[in-house]
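Please build the complete structure, drawing on both the sequences and the hints.
Going by the numbering used here, the sequence shown opens with residue 505, and the numbers climb by one from there.
Treat the hints with care, since some could be wrong.
[Stated by the list, open to error] Think about it this way: if two alpha-carbon atoms lie no more than 27 Å apart in a straight line, the pair counts; the simulated DSSO-like pairs of lysine-lysine are:
1. LYS514 x LYS534
2. LYS518 x LYS507
3. LYS570 x LYS534
4. LYS541 x LYS514
5. LYS536 x LYS570
6. LYS570 x LYS518
7. LYS559 x LYS536
8. LYS559 x LYS541
9. LYS570 x LYS559
10. LYS518 x LYS534
11. LYS541 x LYS507
12. LYS559 x LYS534
13. LYS507 x LYS536
14. LYS559 x LYS507
15. LYS536 x LYS518
16. LYS536 x LYS567
17. LYS518 x LYS559
To be clear, the hints were calculated from the coordinates, so they are not data collected in a lab. Note that this is a predicted model, so its numbers are computed, not measured.
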Amino acid sequence: MNKTCQICEKGSLKAIVEWIDVDYEGHTSKIKSRLAKCDFCGSEQADNSDVTENKRAMTAFRKQTKATSESMR
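Below, the structure is given as structure tokens:
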């Protein structure tokens, strides 16, 4: 990703992946979060594909949590 920042219109966006802490129904984990950061203003942004992948990661974590909870019953 080498797009121009839509916020400042001066910098370039650099794709990054961060590990973020998530919590769902008392279960915690780390999932990958995709975004882009402007090398000029520091703004963090996500395009449609980033948002889709981030949502998929969170949905997978929730499904795993529910499966774990049900197997413990």
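Evaluation of the provided hints:
no. : hint            : verdict
1   : LYS514 x LYS534 : 33 Å, violated
2   : LYS518 x LYS507 : 8 Å, holds
3   : LYS570 x LYS534 : 16 Å, holds
4   : LYS541 x LYS514 : 13 Å, holds
5   : LYS536 x LYS570 : 19 Å, holds
6   : LYS570 x LYS518 : 35 Å, violated
7   : LYS559 x LYS536 : 10 Å, holds
8   : LYS559 x LYS541 : 19 Å, holds
9   : LYS570 x LYS559 : 16 Å, holds
10  : LYS518 x LYS534 : 22 Å, holds
11  : LYS541 x LYS507 : 10 Å, holds
12  : LYS559 x LYS534 : 14 Å, holds
13  : LYS507 x LYS536 : 22 Å, holds
14  : LYS559 x LYS507 : 22 Å, holds
15  : LYS536 x LYS518 : 16 Å, holds
16  : LYS536 x LYS567 : 16 Å, holds
17  : LYS518 x LYS559 : 20 Å, holds
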